[in-house]
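Got chain A sorted already, so can you dock chain B onto it with the hints?
In case you want the letters, here they are:
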Amino acid sequence: MEEIKAGGITFTLDLSKPLWEQVLHQIRGALARSDLQPGEKIPSLRDLAQQLKINPNTVMRAYQELERDGLTETRRGQGTFITSSQQKISEVRNLLAEDAVKAFVQEMRVLGLRKPEADNLLEEAKWE
Amino acid sequence: MMAVSLEGVTKTYGAQRALDSLTLGLSEGQVTGVLGPNGAGKSTLFKAIVGLVRPDKGNIKVLGSKPSWQVNQQVAYLSDQCRWYGSHTVRQAITYAAAVFPLFNTERAEKLVDFMNLDRQATVQTLSKGQEARLKLIICLARDVRLLLLDEPFSGIDLVSREKIIQGLIESFAERKQTIVISTHEIQQAESLFDQVIFIDLGQVVLSGDAETLRQEKGSVESIYRGLFQ
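In order, the protein sequences belong to chains A and B. This note's numbering puts the first residue of the first sequence at 10, with every later residue one more than the last. This note's numbering puts the first residue of the second sequence at -4, with every later residue one more than the last.
No wet-lab data here; the hints were simulated from the structure.
Cross-link-like lysine to any residue pairs, in silico, SDA-like; alpha carbons within 20 Å at most:
(1) A:62 to B:171
(2) A:62 to B:110
(3) A:97 to A:109
(4) B:124 to B:151
(5) B:106 to A:56
(6) B:172 to A:53
(7) B:172 to A:73
(8) A:62 to B:166
(9) A:26 to B:212
(10) A:26 to B:202
(11) A:26 to B:207
(12) A:26 to B:204
(13) A:62 to B:111
(14) A:62 to A:15
(15) A:26 to B:187
(16) B:106 to B:157
(17) B:213 to A:27
(18) B:124 to B:150
(19) A:62 to B:214
(20) B:124 to B:153
(21) A:97 to A:43
(22) A:26 to B:218
Bound conformation, chain A alone (with noise of 0.2 Å):
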C-alpha cells in the first residue's frame, strides 16, 4: 500500500476495504493526533480525489460525515475548514481512544487473558 500525502494528512488505502471510510478514519485521526489543526483548511474534494486518484464521489462521502459530526466547516467559495472548536476535537481523540482500548480488550480475550492479568500488562508497560 502506497502511503500519500495530502494537505497535512497521511493516506493509505486499502482496496479491500471501503475506501470512503478510510478516508474519513485517516482524517479523523490527523484531527485526533493534531496533524490538523484547529481552523485549518483541507484539501478541496477534487484535489483530495485527484491525488487519491479515487472517484470524487468517494471523497464526497467521507466530507459529509465529517461536516455531520462537526468536525469541519464548508465555507461557501472558501473551502472545507477543520472546526476550531478544541471540545469536538477531543470528543474525536476520546472516540478513538476507546475504539484502541476495545481493540486491545479484544486482542487479550483471544489470547485467554482476564481482566486482572491485563490490567498488570497494562501497569507496566512502558509509555517512553
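Just chain B now, kept in the frame of chain A:
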C-alpha cells in the same frame, strides 16, 4: 435513475452467443466498471448501446429511448479499436472533432490537452500508443454529453499514460456528473474510480453491485474478479 437499461438482450454470431438474455442497468451520474474475461460480451454490450449491433431479442433503453443516431448525440463512445487520422496534428484533431462531434467543448479539450501533457504540434502517427490513447480520451471527455462509454481505455498503455488518463477522468467527473461506463482488465488501477461494478461472463451478468458495498462484504474488486473467473 437508469441511464441505460437492457432487458433480456440476446445477440448471436453464428453459433456463438455474445449476449445471452442479458439484463442490466447503468445508474445515471455514476461510474460503472464492466469487468469480465476476453469474449465475455463487453464490447458487444457497448456496441449494442450505441446501435452498432442490433440484438436478436430483448430491449435496450438509452437515456429513455431506443438506441439511435439521435440519442448518440448525447453519447461519447471510445471503441476498443478506434484510431485517429495519422496525418493530423493534435491541434488539427481537436479542430476536426469540434466540427464533426455534437456538443464538443473546445475550451475543455484545450484544458485537457494541457492537463494530459500532449504536444499540440505532434502528428498522430508520431505519438506513442499511450499518447494516442490520451488524445482519444480527450476527444471523448471534451464532449458535453450525458453518457460516456469507454471500452478498454487503458489496454496496452504505459503506466504514465494510464495515470494521466485516470487523472483526466477524475478531473472530468469532478467538473460535471456524467454517466461513465468503463470496461477494463486493469482492475487494480481502475477500481477506485468505480461507483458500481458489473461482472460479465458468457454474455450474462455474474455479479453486480455498489463497489464500496462489495469491498465491505467480499474484499477488493480485483480479488472478487479472481474468485469469479479463476
